[in-house]
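Asks: Chains as they are written, first to last, in the working numbering: chain A, 9 to 142; chain B, 9 to 142; chain C, 9 to 142; chain D, 9 to 142; chain E, 9 to 142; chain F, 9 to 142.
Please keep in mind that the hints were generated in silico from the structure rather than gathered at the bench. Heads up, some of the hints might be wrong.
Any copy, or any two copies together, can satisfy a pair, since identical chains are not distinguished.
[Claimed, not checked] Computed cross-link-like contacts, DMTMM-like style, restricted to lysine to aspartate or glutamate with a CA-CA straight-line distance of at most 25 Å:
hint: 1; residue 1: Lys105; residue 2: Asp18
hint: 2; residue 1: Lys27; residue 2: Asp74
hint: 3; residue 1: Lys64; residue 2: Glu139
hint: 4; residue 1: Lys105; residue 2: Asp23
hint: 5; residue 1: Lys38; residue 2: Glu110
hint: 6; residue 1: Lys105; residue 2: Asp40
hint: 7; residue 1: Lys65; residue 2: Asp18
hint: 8; residue 1: Lys27; residue 2: Asp54
hint: 9; residue 1: Lys27; residue 2: Asp40
Number of protein chains: 6
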Amino acid sequence: MATVRLWTDDDVAADARCKAVFDDIRATRKSDFVNNFWRALANQPDLLEQTWARVKKVMIEPGTLDPLTKELIYIAVSTMNSCTYCTHSHTAAARAKGLTEEQYAEFLAVVSMAAHTNSLANALQIPVDNEFLA
Amino acid sequence: MATVRLWTDDDVAADARCKAVFDDIRATRKSDFVNNFWRALANQPDLLEQTWARVKKVMIEPGTLDPLTKELIYIAVSTMNSCTYCTHSHTAAARAKGLTEEQYAEFLAVVSMAAHTNSLANALQIPVDNEFLA
Amino acid sequence: MATVRLWTDDDVAADARCKAVFDDIRATRKSDFVNNFWRALANQPDLLEQTWARVKKVMIEPGTLDPLTKELIYIAVSTMNSCTYCTHSHTAAARAKGLTEEQYAEFLAVVSMAAHTNSLANALQIPVDNEFLA
Amino acid sequence: MATVRLWTDDDVAADARCKAVFDDIRATRKSDFVNNFWRALANQPDLLEQTWARVKKVMIEPGTLDPLTKELIYIAVSTMNSCTYCTHSHTAAARAKGLTEEQYAEFLAVVSMAAHTNSLANALQIPVDNEFLA
Amino acid sequence: MATVRLWTDDDVAADARCKAVFDDIRATRKSDFVNNFWRALANQPDLLEQTWARVKKVMIEPGTLDPLTKELIYIAVSTMNSCTYCTHSHTAAARAKGLTEEQYAEFLAVVSMAAHTNSLANALQIPVDNEFLA
Amino acid sequence: MATVRLWTDDDVAADARCKAVFDDIRATRKSDFVNNFWRALANQPDLLEQTWARVKKVMIEPGTLDPLTKELIYIAVSTMNSCTYCTHSHTAAARAKGLTEEQYAEFLAVVSMAAHTNSLANALQIPVDNEFLA
Chain A
9 MATVRLWTDD DVAADARCKA VFDDIRATRK SDFVNNFWRA LANQPDLLEQ
59 TWARVKKVMI EPGTLDPLTK ELIYIAVSTM NSCTYCTHSH TAAARAKGLT
109 EEQYAEFLAV VSMAAHTNSL ANALQIPVDN EFLA
Chain B
9 MATVRLWTDD DVAADARCKA VFDDIRATRK SDFVNNFWRA LANQPDLLEQ
59 TWARVKKVMI EPGTLDPLTK ELIYIAVSTM NSCTYCTHSH TAAARAKGLT
109 EEQYAEFLAV VSMAAHTNSL ANALQIPVDN EFLA
Chain C
9 MATVRLWTDD DVAADARCKA VFDDIRATRK SDFVNNFWRA LANQPDLLEQ
59 TWARVKKVMI EPGTLDPLTK ELIYIAVSTM NSCTYCTHSH TAAARAKGLT
109 EEQYAEFLAV VSMAAHTNSL ANALQIPVDN EFLA
Chain D
9 MATVRLWTDD DVAADARCKA VFDDIRATRK SDFVNNFWRA LANQPDLLEQ
59 TWARVKKVMI EPGTLDPLTK ELIYIAVSTM NSCTYCTHSH TAAARAKGLT
109 EEQYAEFLAV VSMAAHTNSL ANALQIPVDN EFLA
Chain E
9 MATVRLWTDD DVAADARCKA VFDDIRATRK SDFVNNFWRA LANQPDLLEQ
59 TWARVKKVMI EPGTLDPLTK ELIYIAVSTM NSCTYCTHSH TAAARAKGLT
109 EEQYAEFLAV VSMAAHTNSL ANALQIPVDN EFLA
Chain F
9 MATVRLWTDD DVAADARCKA VFDDIRATRK SDFVNNFWRA LANQPDLLEQ
59 TWARVKKVMI EPGTLDPLTK ELIYIAVSTM NSCTYCTHSH TAAARAKGLT
109 EEQYAEFLAV VSMAAHTNSL ANALQIPVDN EFLA
């Protein structure tokens, strides 16, 4: 249960700023489904507008990294932040963008390998090689 | 300064298990440079052998994710774990594998976007949509 | 479900050390409600006594930071530690101390802004300016 | 040492987008000093523009939380993310905004208290009270 | 609900690689119960084999640290990573290995003490004494 | 460089509350060396007194966990919090209490194993088995 009310479609319809964002989410994603993240942010219109504008630009507009790679980076960050919500939502998004079981297995192998070596490097306080600073 | 001694090439030459790993690192990477991470792990031969075997398999053997994507996932995890060593070493590795400034900028945009939304989802304790659990 | 038993009021009544702490929690807060955190700590009387004494001193005794500011700092830490329990309990506490929707929205904007810039500073390993060390 | 080049004032002067942001930072802060964070972000103009626009709005424009409270929340997040850069820069900012030693001591008491109880709540996996979810 | 299917015993029986691992888990632990962690990893046979081989070597083979100490270290890491699953499973494992209430109370006191001082050292950015680097 | 001044012995000698704590640290540890952590906390006498009283009770008074086990738990927490200061100081403390290279190697193996499985359990969002909740 969230610390804030999750806005229903009726709530959103009654608020012009929120309605504009929800309309754009639906149009951009070509889907009527709007997930709870946005229904929670609707309580804070400024944060809602800013966050959606940024998600749209970073995750949806074409760039030099392909959309699936971006989702994998997103899941990696969300996993390390122990963010249940974002781990679920972006794993679903990665699947919708074609993530195969083989790719997911490799992703998990990289994430767990990094977590393993990070803990060693931090425990041992290994100094960075000059070669990496050049 | 590390919590353990960093092994020199002379130290390594005098220890058969460590020498075998260092030889394989050099042969696999086609480079004489062996970074401090391995020189620190040399104090724990079992961990050295196991970690190198795993890094070789996960990061170097061909798979379905391309090598640059794997490095980006690695940097994302290392950044969230505040691991200075691994952030530097894998950013250098990503550059060696062709990371462009445009790709790096997009990577940073995704990481910081994820950190932003993770903090909101965790602060608001947003429940996962049933649609993501299907 | 906790890893330990949550003590009922009957359990507490039968243990003098726990009863003294629970009595003081109720008297200090002027409320009969004692939340699960203390019911879990009741299994470890030393930790119960020490933690309550500290919470009372730090969060309840008057100081130079106002009570609401202290709650916001508490929620910020709890969010970054992905602590579901403390995020919920201290958001409720902040509301009880008068947190408005506008203040909560600004709090969330600051937290997510900090998470955003933290991830960039850690990814880029930006050196601290001398001006900040003076 | 950063993973990217830190832009000098000469570098910035030669790039219209970066120059516009740096000019606005100087004008807004009424100071010629521009810290390394922005000199690192100058390599990614989109991120530079977006981040500065957001910092300006969230941290500088007047709102319902006072500027010092916002800095304390920022330091709390940065501390939990082990972000050396942001901890130093925002502690300096808090001091510039009038943070007293008494307030700093109370801030540290709250942060360490929260870290203490977060670790207990997470270790004990304490279920959230229904009272907090109402 | 997991992001992957949890394999039933029938699923496992139909896959030679997974069956070999599950058989070894049961034989090693002298118990028919196989917990969800392995049922989730069964989707990624390489990760399943590698992780089980490592867990068996690190956590089960005799060494110089006693089994209960290893479980306490495991819970400490899992708590700081906010890993609900591993906190529960390794607290149960520690109890099965004889953890007493007194030991658990002391463990919690150390973990929360460390979390407290970590947050202070990171907030204050205290430089490491030369004496610790010798 | 710390965000606060590190108190010299002369500074401490001029403040009765700080002097009492420093005297007790020296008497308890039977050593004239007082590390920077306490010299930083000296700026906040209440925090200094409370933290030392707790460290003395938790880490120094005899209990049911042996002193070396407590140090290993402390290092595990400090590593996961990326606390450079506490990782160094408590690794030094563990060595002073007799930590052998074999024990340290096993400790590192457990910590990195836990970090590995934590990341998998969090990425896969594996539900806790009922058997662990009983």
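Asks: Tell me, please, which holds for Lys38 and Glu110 at an alpha-carbon limit of 25 Å: within, between, both or neither?
Replies: neither (28 Å within a copy, 28 Å between copies)
Asks: At 25 Å max between alpha carbons, let me know whether Lys105 reaches Asp18 within a copy, between copies, both or neither.
Replies: neither (30 Å within a copy, 30 Å between copies)
Asks: Using 25 Å as the alpha-carbon threshold, which applies to Lys27 and Asp74: within, between, both, or neither?
Replies: neither (30 Å within a copy, 30 Å between copies)
Asks: I want to check one pair: Lys65 and Asp18. Are their C-alpha atoms no more than 25 Å apart within a copy, between two copies, both, or neither?
Replies: For Lys65 and Asp18, neither the intra-copy (27 Å) nor the inter-copy (30 Å) Cα distance is at most 25 Å.
Asks: For Lys105 vs Asp40, is the C-alpha pair at or below 25 Å within one copy, between two copies, both, or neither?
Replies: Answer is within; shortest intra-copy Cα gap is 18 Å, inter-copy 39 Å.
Asks: I want to check one pair: Lys64 and Glu139. Are their C-alpha atoms no more than 25 Å apart within a copy, between two copies, both, or neither?
Replies: between (38 Å within a copy, 21 Å between copies)
Asks: Taking 25 Å as the upper bound on the Cα-Cα distance, should Lys27 and Asp54 be classified as within, between, both, or neither?
Replies: This pair counts as within: shortest intra-copy Cα distance 13 Å, inter-copy 27 Å.
Asks: Can you give me the call for Lys27 and Asp40, within, between, both or neither, at a CA distance of at most 25 Å?
Replies: Close inside one copy (13 Å), not across copies (42 Å); limit 25 Å.
Asks: Cα distance capped at 25 Å. Does Lys105 pair with Asp23 within a copy, between copies, both, or neither?
Replies: neither (32 Å within a copy, 28 Å between copies)
When the structure is compared with the earlier hints, violations turn up for hints 1, 2, 4, 5, 7 and for no others.
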